[in-house]
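Take the sequences, apply the hints, and build the full model.
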Amino acid sequence: MRTVKKHSNRRAFLRGMAGSVLLLPLLEYTHGESWAADGTHLRFITGFSHGGTISNQTGAGKDAGNGAHHGVDLWRPSDPSSSVLQLGPIHQPLKPWEQKLTLFESIDNRTGKAQGSYAGGHRYCNSTALTAADIVYEGSQTEQNARSSAPSIDQVISAHLAGTQSASLPHATFRVGSTAYGSPYYRGAKDRINGFDDPLEAFNFIFDGVSTGEPTPEELRRKAVRQSTLDGLADDYRRLRQRISNSDRQVIDAHLDHLSALENQLNVQVACTPPENVPSNPSGLRERADLLADILVATIRCGLTDVANIQIGDVDTPWTTHAGASGMGVGHSFGHMARDIGPNGPKADKYQAWMDQALENRQWRMEVFARVIAGLDDPNFLEGGNTILDNSLMLMTSEFSAASKHSSYNQPILLAGSAGKQVQTGRYVNYNQHAVNDPNTTQYASNESLHNLFVSILGLYGMDVPHFGSNDAAHTGPLPNFLG
Amino acid sequence: MKKIENRAVKSVRRVAPLFMTSMLAACIGIIGDDAGTDGPGGPDAGTQSCDGGVQVGTRGMRRLTPLQFQNTMRELLGLDDFVAGFSDRELLITETGVRQLRADAEYAITRIDAWKPGLVPCDIYGAEDDACVDGTIEALGARALRRPISEEDRVWLREVYQSARTGNDFSAGMEALIGTLLQSSSFVYLPEFGLPVDGHDAVRKLTDHEVANRLSYFLWDSMPDDALLAAAEAGELSSLEGVRAQAERMALDPRAEAKLQSVVYGWLEIDGTIIHEPIEALSRDEALYPEFDAQLVEDMKTELRAFVRRALFEDGSFEELLTSREAYVNKSLADLYGVENGPADDATWTWVTLDAERYSGLLTRAAFMTVQASRMAQSPIRRGVWVYEQAFCSELGTPPPNANDVPVDGQHDGEQLTVREEVEIITAGDGCSSCHSIINPIGYAFEHYDAIGRWQENEVSSGLPIDSAGALKGTDVDGDVADAVALSARLADSGRAKDCFAERWFVQALGAAPSKEDSCSVAQAELGFAERGDLTDLFVAIAVSDAFRYLATPD
Numbered sequence: 001m002r003t004v005k006k007h008s009n010r011r012a013f014l015r016g017m018a019g020s021v022l023l024l025p026l027l028e029y030t031h032g033e034s035w036a037a038d039g040t041h042l043r044f045i046t047g048f049s050h051g052g053t054i055s056n057q058t059g060a061g062k063d064a065g066n067g068a069h070h071g072v073d074l075w076r077p078s079d080p081s082s083s084v085l086q087l088g089p090i091h092q093p094l095k096p097w098e099q100k101l102t103l104f105e106s107i108d109n110r111t112g113k114a115q116g117s118y119a120g121g122h123r124y125c126n127s128t129a130l131t132a133a134d135i136v137y138e139g140s141q142t143e144q145n146a147r148s149s150a151p152s153i154d155q156v157i158s159a160h161l162a163g164t165q166s167a168s169l170p171h172a173t174f175r176v177g178s179t180a181y182g183s184p185y186y187r188g189a190k191d192r193i194n195g196f197d198d199p200l201e202a203f204n205f206i207f208d209g210v211s212t213g214e215p216t217p218e219e220l221r222r223k224a225v226r227q228s229t230l231d232g233l234a235d236d237y238r239r240l241r242q243r244i245s246n247s248d249r250q251v252i253d254a255h256l257d258h259l260s261a262l263e264n265q266l267n268v269q270v271a272c273t274p275p276e277n278v279p280s281n282p283s284g285l286r287e288r289a290d291l292l293a294d295i296l297v298a299t300i301r302c303g304l305t306d307v308a309n310i311q312i313g314d315v316d317t318p319w320t321t322h323a324g325a326s327g328m329g330v331g332h333s334f335g336h337m338a339r340d341i342g343p344n345g346p347k348a349d350k351y352q353a354w355m356d357q358a359l360e361n362r363q364w365r366m367e368v369f370a371r372v373i374a375g376l377d378d379p380n381f382l383e384g385g386n387t388i389l390d391n392s393l394m395l396m397t398s399e400f401s402a403a404s405k406h407s408s409y410n411q412p413i414l415l416a417g418s419a420g421k422q423v424q425t426g427r428y429v430n431y432n433q434h435a436v437n438d439p440n441t442t443q444y445a446s447n448e449s450l451h452n453l454f455v456s457i458l459g460l461y462g463m464d465v466p467h468f469g470s471n472d473a474a475h476t477g478p479l480p481n482f483l484g
Numbered sequence: 001m002k003k004i005e006n007r008a009v010k011s012v013r014r015v016a017p018l019f020m021t022s023m024l025a026a027c028i029g030i031i032g033d034d035a036g037t038d039g040p041g042g043p044d045a046g047t048q049s050c051d052g053g054v055q056v057g058t059r060g061m062r063r064l065t066p067l068q069f070q071n072t073m074r075e076l077l078g079l080d081d082f083v084a085g086f087s088d089r090e091l092l093i094t095e096t097g098v099r100q101l102r103a104d105a106e107y108a109i110t111r112i113d114a115w116k117p118g119l120v121p122c123d124i125y126g127a128e129d130d131a132c133v134d135g136t137i138e139a140l141g142a143r144a145l146r147r148p149i150s151e152e153d154r155v156w157l158r159e160v161y162q163s164a165r166t167g168n169d170f171s172a173g174m175e176a177l178i179g180t181l182l183q184s185s186s187f188v189y190l191p192e193f194g195l196p197v198d199g200h201d202a203v204r205k206l207t208d209h210e211v212a213n214r215l216s217y218f219l220w221d222s223m224p225d226d227a228l229l230a231a232a233e234a235g236e237l238s239s240l241e242g243v244r245a246q247a248e249r250m251a252l253d254p255r256a257e258a259k260l261q262s263v264v265y266g267w268l269e270i271d272g273t274i275i276h277e278p279i280e281a282l283s284r285d286e287a288l289y290p291e292f293d294a295q296l297v298e299d300m301k302t303e304l305r306a307f308v309r310r311a312l313f314e315d316g317s318f319e320e321l322l323t324s325r326e327a328y329v330n331k332s333l334a335d336l337y338g339v340e341n342g343p344a345d346d347a348t349w350t351w352v353t354l355d356a357e358r359y360s361g362l363l364t365r366a367a368f369m370t371v372q373a374s375r376m377a378q379s380p381i382r383r384g385v386w387v388y389e390q391a392f393c394s395e396l397g398t399p400p401p402n403a404n405d406v407p408v409d410g411q412h413d414g415e416q417l418t419v420r421e422e423v424e425i426i427t428a429g430d431g432c433s434s435c436h437s438i439i440n441p442i443g444y445a446f447e448h449y450d451a452i453g454r455w456q457e458n459e460v461s462s463g464l465p466i467d468s469a470g471a472l473k474g475t476d477v478d479g480d481v482a483d484a485v486a487l488s489a490r491l492a493d494s495g496r497a498k499d500c501f502a503e504r505w506f507v508q509a510l511g512a513a514p515s516k517e518d519s520c521s522v523a524q525a526e527l528g529f530a531e532r533g534d535l536t537d538l539f540v541a542i543a544v545s546d547a548f549r550y551l552a553t554p555d
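Heads up: the sequence lines are chains U and X, in that order.
Residue 1 is where the first sequence starts when you use the working numbering, and the numbers rise one by one after that.
Residue 1 is where the second sequence starts when you use the working numbering, and the numbers rise one by one after that.
Simulated from the structure, these hints should not be mistaken for laboratory data.
Glycine residues also receive a C-beta, built at the ideal position from the N, C-alpha and C atoms.
Among the hints, a few may not be true.
Taking beta-carbon pairs under 7 Å as the criterion, some of the chain U residues facing chain X (in silico) [as the list claims (entries may be wrong)]:
#	residue
1	Thr229
2	Gly232
3	Lys350
Set out below in C-alpha cells:
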C-alpha cells in the first residue's frame, strides 16, 4: 500500500468565485500547497455543454441573419480580427481568466458529419465529439442506438497518465441535468460513462476511504471486508467469463475492470481531510451544479484523480431573468427555435426573448465552468510555481455549434490552462480559410477537425501519435499553430 | 382463465421486430405501397418455415434493470421499503453502477436484523458460529444466486468468509460473505447456459431454474417466489404443462399487475421520453388550463391505473383497452370529461360511462392526451408519431436535421391559425412531407382533445373550430377516420396493432426484441392474441414458446 499525502485549503476553497457562497462546508486543508507540489503533474479536464451554442453556423456556410435564422455567433471573440483573445458575450463569466484561455474556431467534427443519414444527429455527434471515432450500434442501426466505437480523449489521457502519475481514481465524471441524447464520454466501444449527478453520491464514492491521517481500526476492518468481497467477486466473475460467449465477455470484462478500479481505490491511502456535510438532496439545478463543480475541484486538489469531466445537459435555467419569455423551455425545442426567429422567420416576434434567454442560459453554463477554473487557478495552491490550472488543460466544448441546425461544423472549442505552460494562452485562432481577408465572412472552409485537435492535446501529455480517431479527417497530425 | 391451444403455425413471414428496421426508408417506402401493409417487416420480409424443429434467436446476457434489482432485494431479504441506489441502464455496466451495487449491499447488511428469518441463521455480530457460515451459504446462497448451490460455490464462498475473518472478527467474515452474494454475477446478471437437446449444442433447452428466472422477471420484474423455485427444483419447468401452470398462476398475482402497469406506463410515455418530461413535471398555460395542477395529474394517473386494471387485468381484452368508455373518476375528472352527475368531490371515486361520441378507450384518456401535448395546445405530430410507431410498431426513422420540435401553437407569421393549419404549413416541405403525410392525419384525429385531454369543439389555444378528420396510411386498417373514436375502433380491429402489442411483451419476456429466428414463436403467440385479445393468454403463450424456453448458442 502506498500512502500519498494530499492537502488543500479550506478557506481558499470556500471563497469561491465572485464572492458567492459555496454550499459545501469543505476541506480542512493543512497548508497552502496542493499535493503535487513539484509542478510536473498534469491534469486534463473537460466541460461539455450539451445542445450547442449560440451560433450562425449552418453547415458549409454561415447564416447572414437576413432570413429565418438569427445569424449571430455569440461564442466568437468580441474582436475576431485580433489574434489576442477578447472574450465574447457567452464567455464573459470567464473574463478573469482571459489570458489563460485559448479559443479555436473552425474545427469540424468530421466524424459526426460522416455518420448516419445526415450530418449531425444528436447521438452521432455526442458519440463522436470527444472520440472522433466511428459509430457502432447497440442493436439495430438507428440513431437511438448509436454509440462510439472507441474511448473518448479524457479516457485515453487517463490511461496514459496512470502509467506515470499516481491517482486512486482513473477519472471523476459529473453530470448536471439530464443528458437525454447520451453522454460523450466513453471508456471503450459502447462503454459509455454518464457520471455522477447526485453530489452526495459523488462525494461518498470519490472520497471513500480518504482520511486525515492513519486509518482507524474500524476503517481497517472495513477495508478488509471490502478487499475480501472484491476478491470473491473477481473470482466469481472470472469463472463466469470462462463459460460465456465472446460477445457476453465484453459485459463481464467491463464489470471486472470496475471491480479492479474499486480495488485500486481501496489500496491507495489518501490523506486529505474530506468535505463534510454535503447535502443529500440539493434543492435546485444551480446548487447541484455548484456542488458538483466544487467536488470536482476538491477531487483534483486532493490528488484523487488527474482527469475530470463535467457535462451540463441541455437544461432549462428557470432562475434567469428571461426564462419563459419566449414561451419555450430552454432545451432541445428552444435550440431549434433559433431557426424561426430571424427577420423573415415565422417566430420573428420572439427574437429578443430568445436571444436574451439563450445568452443567460449559456452564460450560466460558463459560470459553472468558471467555478472549476477558479478552483484550479487559486494562487494558494501552487505546484512548482504554477497554479493547478497552469498544469492542466480544460477543454470546453459541445456536440454542435448551432443546435438549431444540428451543425457539427465549427465546433465550439475553448481551452483553459496550458498543461504546464506548453500552450501559449490568451490567443484566438481561426482556421476558416475565408476568414484570412474577412474575419466576419459568412463563407466557410476548414481542413481542421477534432482529429487534429485531439492529436495536439495528446501531444501535451507525452503521447506522440500521428492520428487519433476515424478516417474522416482531412489530414493527419496536430492543428497548425496549436501551441502558439 | 382460458387454456392456450397449441395451434400449428406452418410458416410465418419473418418478423421485423420492434425497433429493428431502418426507418427513414421505411417511412417513405410504405406510402401507397401495398406490400408495405403486410405487417412489421414490410416488403422485404421473407418467410420462415416453422416445421424445422426448435428455432430461437441468439441474445446477449441480461443484467437486472434497476427496478428488477430493487424488487429482487426486497423479495430476497424481505425489506419491503428497500430503495436501491443502483440506477445503471447502460449496456455495459458503469463504474458508478458497480459502486452502487456495493453501496446497496452494504446498506442492506446494516439492516440485517429486519431480514426474512432463516436466510442467515445466526447473529452475525454475536459469537463465532461456524455452522452459520454453511447455513448462510445454503439458505441465502441458493436464493440469492437463484440456482442450486454447487460444491464450487461452497468452496468459493467459504474462502471469501475466511479471507475476511483472518485477522478480523466473525462479523467481518459474514459481511464479506453476504456482500459477495448480493453483488455476485448470478445475482446481478441472468446467465443462462441451458442443456443440449438430443446431444446437439446449437440450441439448448433452459434448465428449470433458468426458466423460473425468465418467468419471474418477465411477469413480475422480480425473483422467483418459493412456489416457482419449488417447481424448478421438482423439475416441473422442463415440461410445457409445468411452465403453463406456473405462468397461469403468476399472471393472476398482484405482481403481474404491477408489471402490466409499468409496461403500459412506458408504452404511453407517461413517465417521459427524451422529448418530453414525465407527466408530473409538465406545465400548462395557466390562463388556458387553470384547473391543471399536481393533484389533477395524480387524478389522471389514478384513472389510468384503474382503467388498465379493468381493461386488461380483470377479464378484459385488447379491444376493451382501445374502445371501453368506462372511466374511474372523481369530481375533477368528471368535470374534465364532461360527465354529468359525477362525484360531488375529489375524494369520491366512481366508475362512469363516457360519451360514446367523444371517448373511446385508452388513447382518448386525459393522462395520455396530456403527455402528448405541449404547454399551450394539443400536439397532433406527437400523437400521430406515437400511434404509428408505438401502436403499429412502424418506425419513422430519425427526423432530418431541419426538423423542428418547437411546440406548435398556431401563431405563425403574425397570424392566428389552428394548430392543424400551422402543422400543415410547417411540414409541407419536400424533406418533411413523406413522413408527415402519415403522421399528421393520424394526429389530426385527436384534435378534439386539448392539452389536458378535455374535449374542445373550438380550439382552446386559438378559439378556432376544430377539424378532426384524419386518416390511417401505411397500416393494415388504412382509410379515413372522422375522429379518435373512429381511429380507436380501427386500431382495435388491426391485426398489426395486436401483433405490435404482443411483440412488446416478447421484449419483456426475452429482454430484447425477438429476431427472425423467433418468428415462429412470435407468430404462435400472436395468433391466439389476435383471435381473443386476452392478455393472460398472451403471457402464457409467450411463456410456453420455444423462444422463451430455449436459447441459441452464439459461438
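Self-check item: Satisfaction of the Lys350(U) interface hint, Cβ to chain X closer than 7 Å
Solution: At about 9 Å, which exceeds the 7 Å cut-off, the nearest Cβ of chain X leaves the hint on Lys350(U) violated.
Quiz item: For the hint on Thr229(U), does the least C-beta distance to chain X fall short of 7 Å?
Solution: At 5 Å from the nearest chain X Cβ, Thr229(U) passes the 7 Å test, so the hint holds.
Quiz item: Was the hint right that Gly232(U) lines chain X, CB cutoff 7 Å?
Solution: Cβ of Gly232(U) sits 4 Å from chain X, so the hint holds.
Violation of the numbered hints given earlier is confined to hint 3; every other hint is satisfied by the structure.
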